[in-house]
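Participant: So the sequence lines, in the order shown, correspond to chains A and B.
Convert by adding 185 to the 1-based position in the first sequence; the result is the number in our numbering.
Convert by adding 316 to the 1-based position in the second sequence; the result is the number in our numbering.
Since the hints were derived computationally from the structure, they do not count as laboratory data.
Computed from a predicted structure; not experimentally measured.
Pairwise CB distance ranges (calculated):
#	chain 1	residue 1	chain 2	residue 2	range
1	B	Thr416	A	Thr426	19 to 27 Å
2	B	Thr416	A	Ala308	34 to 42 Å
3	B	Asp337	A	Gly300	44 to 52 Å
If you want the footprint, here are the derived chain A segments under chain B, 3+ residues with CB under 8 Å:
#	segment
4	247 to 253
5	401 to 411
By construction, the Cβ of each residue, glycine as well, lies at the ideal position given by its N, Cα and C atoms.
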Amino acid sequence: MHHANHYYGHSHVLARYCGLDDRDPPRIHGYLQHGWNIGDGMAYDHEFVPGVPLFLWSERTRRRAWSLGRRQTYVVGAPWAYLLALEPDGPPQREGTIWYPFHGWEGQQVVGDHGRLIDEIRAVEPGPVTVCLYWQEYLSTRVRQHYERAGFRVVCHGYRGGRWRDLDPGFLHRQLAELRRHRRVASNRLCSAVFYGILAGCEPAVYGDPMHLAGEVPIWGGQPRIRRQWSDLHGPQVDLTAARALAVAELGADRLLPPAELRRLFRWPEPADRHGMEVCR
Amino acid sequence: MSDPAAVHLLGGEMLAWSDPDGAHGPGPVRGLGLAALLSVASGRTLVAGPHHPHLLDALPPTDLTVLVRGLPDAESLAARYADRPGVRVCCGGPEKLAGTRPYDTVVALAGLDRLASVEGAQLSWGEAFDLLVSVLRPGGRLLLGVENPLGAHRLLATSPTSTDSDWAALGEYDDTRPTGPARLRARFAASGLRVGGTWAAFPSPLAPTALLGTDLLADPDLTGFLQAVLSDRAVVSDGGGATPAEGDGPAPAAPLLADPARLAGSAVRNGFAVELAPAWMLLGERLPDPLTQAEHPAASARPVEAAQTVAAPSAASLVQRGRLREVRRDPAGGWRFADGEAVPPGRTVEDLVVAAALRRDLPAVRALLTTWQSGAEAGMPADAVVVTPAGTWHGLAEATEPTLALRRLASRLIDVGLADLWPTGELAAMLTMMAGREPGQSAGDDGGAAAGGWRELLVDRDRLTRELAEARALQGWYERTLTERDDELKRLRRIVSLLHGTPTARAGRLLLAGARTARRTARSAVRRLRPTD
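Work out the full structure: start from the sequences and follow the hints.
Facilitator: Below is the structure:
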């Protein structure tokens, strides 16, 4: 329905979970939350049509959305959590840290000192470091080389996609494979990737200059609020049990729906091959 | 512009949220009656939840902590109390209070349902209650508001309302919430609190204009007075709940299932007003911890003594026409207003008239109506006039037009099933005449049911349906009668016509025609013979 439902291959993961053809996921009848945020779960620039349901990741986000006047809000959990349910982890062979520098999205520019950030990463991380850049930064030879010269491995998970173009159903799969190779996940801002990493078994850390977007207007309290409310996740070392509980809550990993219920909610068809359901279970 | 630094952020603050503005929920708890109740507060005080600033103003400002969940609310309060260093405004979820230095008084008159923030723990009623008790020091006082899920306001509501603040409202399905005053008192006792008073709040939990102590409500002599209080239009319409000067008007009227005044009156008549109150306000005093008492008997006794120096709360606080009236027990017996006036025992004129009319004791009805309408209480509604056992009359409302008062009584008689006391449409006129007055031009029976609900509308509809059926039957009867008369007329005309053709009639007509011709001829001859001058 909304093009953002297909970001990062979210709809593809859910279609597969529901036993449907994930090469061409059906239309989700509603807005699917596509990233962790501290507002009502939706991107601030989305145009909302009254009566169209919102499919949110967590109960806290649903409460917040309700308090902001949104009514047709349903917690389904993050597509990431479904992907983890579909892809059981193998034997642990983890090493080093995957580091996600804060990035802008399409058309946004991050203002910050990458050099200083590299120094901080070096000072904190004991093992090898993989830096994951968003495609915009990855395509910028200057930014990429900055990290490569520091001796870091630089990767990119792929395109987010937008308006049904450059859709990348492999995005989350690549991210999962990378996260499962690393012992730690870190970033200079608490973001989806950190929660994803925690759920995928990484030890999290949030430290370093949080940088900012050119012309960034902090909504819902911005970084100061995030640092205060989720203080347990900030710092070079954090308590793993608390972090795990927070990630489960924020990604709604304890709220996942069975395929039949999810199909019903999205107004998706029954799978042609009923066996498909059993496979995905 | 307020200084946000003055707000103490506890965590879990709601950034774009306001409780008092009423846009996301029912607004803050408010009213002069509650302000009077706050006279029991003393020492280090905590106010948790959305309270109207005029309630906060009524508290000792030397060491006052106010906890709200919305940041704009906290900033606005911080600005309001910027010049009072003893006032500390905190923002966030209530769970952050755990472990703070205990308070002498904890006030949560808005209840425990609107303390939690969307960001933090969603405490059950029991958890929130235990939390507040835990920050109360021995001897300290807790003033708590508890909404009644079976209160008159809920029983009469057409549909449950859901607001932005009900993101996870358990309401009556919260099994940690004690139901009813008896279980509430038991819960207080189980948490080490002695109950120092219970007040039934009418007409709404958040803007009560009548706070009636359970002792007062249990006094059967006060049936008339209590009915008068609860049927006061100013009370039932929520009119006195706010301070108009502060721009906080009465809540918008929603259609109700029935006239709340009637239900309240019936509840009082049946001794059930406490159970049907929209909310209860409880005062609890935390008993000294037995262990502490054993170790330091002197220390634990001190706070209780200190608390006892605080004024005892009144038995009732009523807000009538923007003015607060407090009622206390008279040591000599009965009850008195703060200004010394005795609270009249007895029954309302309405109850007496209805009872007499149900018995069809019309002489008694006539006597009551005549006395009522010839006295100073003529313009007061019959349900706001109390007749004492000694026979004195006490009006407890503002006087309006006597005609309106009589029509309101007529409407009440219809409500109790006395529409057939007199012929259709004659009830108000008959009451007026029995009262010794001339019935007006527009004397209908249904003029006074303005405050009614769907029930009264249904009663009216049924009555009008019946009246319409009767009117149609009457019309049918008229039609039949008219047809019979027409038929009769036609028959008679036919007879006349027939008689027209008989020889006798023809001879008569010829004779008359001849006479007319003779007269015309004579007139013409006379004209010709008259000289033309």
